[in-house]
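Residue numbers (our numbering), protein chains in the order written: chain A, 1 to 240; chain B, 1001 to 1199.
By construction, these hints were calculated from the structure, which means they are not laboratory data. Just to be clear, a hint being listed does not mean it is correct.
Claimed, not checked - Pairwise CB distance ranges, derived in the manner of DEER restraints: (1) A:Gly201 - B:Thr1102: 16 to 26 Å; (2) B:Ala1169 - A:Pro190: 23 to 33 Å; (3) A:Glu214 - B:Arg1136: 51 to 61 Å; (4) A:Asp223 - B:Thr1102: 48 to 58 Å; (5) A:Ala36 - B:Thr1164: 19 to 29 Å; (6) B:Arg1101 - A:Lys211: 39 to 49 Å; (7) B:Thr1164 - A:Ala147: 54 to 64 Å; (8) A:Asp4 - B:Asp1012: 26 to 36 Å; (9) A:Arg150 - B:Ile1170: 30 to 40 Å; (10) B:Ala1169 - A:Thr230: 57 to 67 Å.
The model shown is predicted, which means the values in this text are computed figures rather than measured ones. Ideal placement from N, C-alpha and C gives every residue a C-beta, glycine not left out.
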Amino acid sequence: MSADEDRIRDDAAAWVLGALSEEEARDFQRLLETSAVARKEVEELRPVADALPFAVEPEAPPAELRSRIMAVVDSEAQLLHAVDPSADRPAERRRARRWVGLLRPVPLAAAACALLLAGLAAGLLVAGDGGEPARTVAAQVTGADMAGTRARLEIDDGRGELVVDGMPAAGPGRVYQVWLVHEGETEPVPAGSLFEVDRSGHGTASVTDVKDVETVMVSSEPDGGSERPTTKPVLAATLS
Amino acid sequence: MRIRSSGRDSSDLGVLADEELMRLVRRADSKAFSLVYDRHCDAAFGLAYRMVGTRGLAEDVVQEAFLALWRGAARYDAARGSVRSWILGIVHNRAIDALRRTLVHERRRASDEGLDRTVASAERTDAQVISSDDARFVRAALDVLPPDQRRVVELAYFSGYTHTEIAEAIDAPLGTVKGRMRLGLQRMRHELDREGVAP
């Protein structure tokens, strides 16, 4: 066995144990695409790493933990079934609305969910000058690690302005991108709008045409944006 | 508002296998989810507690993991392993995130709480005994490792240290640390194969 192969096998062991740094792990992941030695070693050692948690003695968590988790789950189930009544039907019958499944909100107390749902259903009508009244739609926060984020879509004369507050930065090399799902469509299309937030978490993005738009969504994307979402939406506003 | 679910109560669902329950969880069936939680929360909490060392943080980890399961049930693929393995994998990842996010390593070193979770408890419930054979073989396979190999495997997997951190902690060259990891896992593989445990 060559010294290189030895090193690869050592790295494989560290990789399956999660003991490589993030950069080393990325390098090893790339190596897996080209190195049969790496793949074979991982295949050999991965099941052992997967078995390690079974070595730990089970321990009952406090009953309050179950209550906390079920409060979130029950409230999200309510919200999901209200938004998508077909949610408890077989998956194959839901293809047309598969994006709805991505719009599950982050943990909220049941009462907060109910209020949010009411806001979504009604929208908030504000003064307008004839034609379609101007309105503001509260957006659902659907991403993890978005605690404290508030977002609304202000619609006037067929145009929208997304306003976010308390939103964490997208991170280095990333940007928030706005997507539109039109009525009758299943795939989101770029709204042509990218945005970042300032230190306070405030940011805005324009949506030039919300005609026939069912849902406006935001996801974190690489700088420059993407042609289609590469991550789950972190915000979603339902317009119709 | 009424939650629409499978229409069966929990006692009906109780006869279903984990994989069947996961199909219902995918359809946002909260009753099915509660059964999955009940079946696996002890193993999940035991692992989280073993890793993060404090009960409070372990609760946070388990909560995050089960909510991730609830929201990402569609990602479960029965062909790639049992529901319990999948859940424990999520718990492990979340615990590593928590350890690295909160720098709890230092706190863990200052407290022995939860460090010896692999030591058998005096009393166990029926639910905990279900996987006791496999668990016993895995513990036995870990026990046969030479102390220096077992230590690096545990520091990496259960404590979330990188090989660089381990090398510094035990004052050994990087290559030695990674070599011990490999030899340790290979030895465990041999032991598990010998016992017919298919990890």
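Going down the list of hints, with the structure as the test:
no., hint, in the structure
1, A:Gly201 - B:Thr1102: 16 to 26 Å, "holds (22 Å)"
2, B:Ala1169 - A:Pro190: 23 to 33 Å, "violated (48 Å)"
3, A:Glu214 - B:Arg1136: 51 to 61 Å, "holds (55 Å)"
4, A:Asp223 - B:Thr1102: 48 to 58 Å, "violated (29 Å)"
5, A:Ala36 - B:Thr1164: 19 to 29 Å, "holds (27 Å)"
6, B:Arg1101 - A:Lys211: 39 to 49 Å, "holds (43 Å)"
7, B:Thr1164 - A:Ala147: 54 to 64 Å, "violated (32 Å)"
8, A:Asp4 - B:Asp1012: 26 to 36 Å, "violated (58 Å)"
9, A:Arg150 - B:Ile1170: 30 to 40 Å, "violated (48 Å)"
10, B:Ala1169 - A:Thr230: 57 to 67 Å, "violated (37 Å)"
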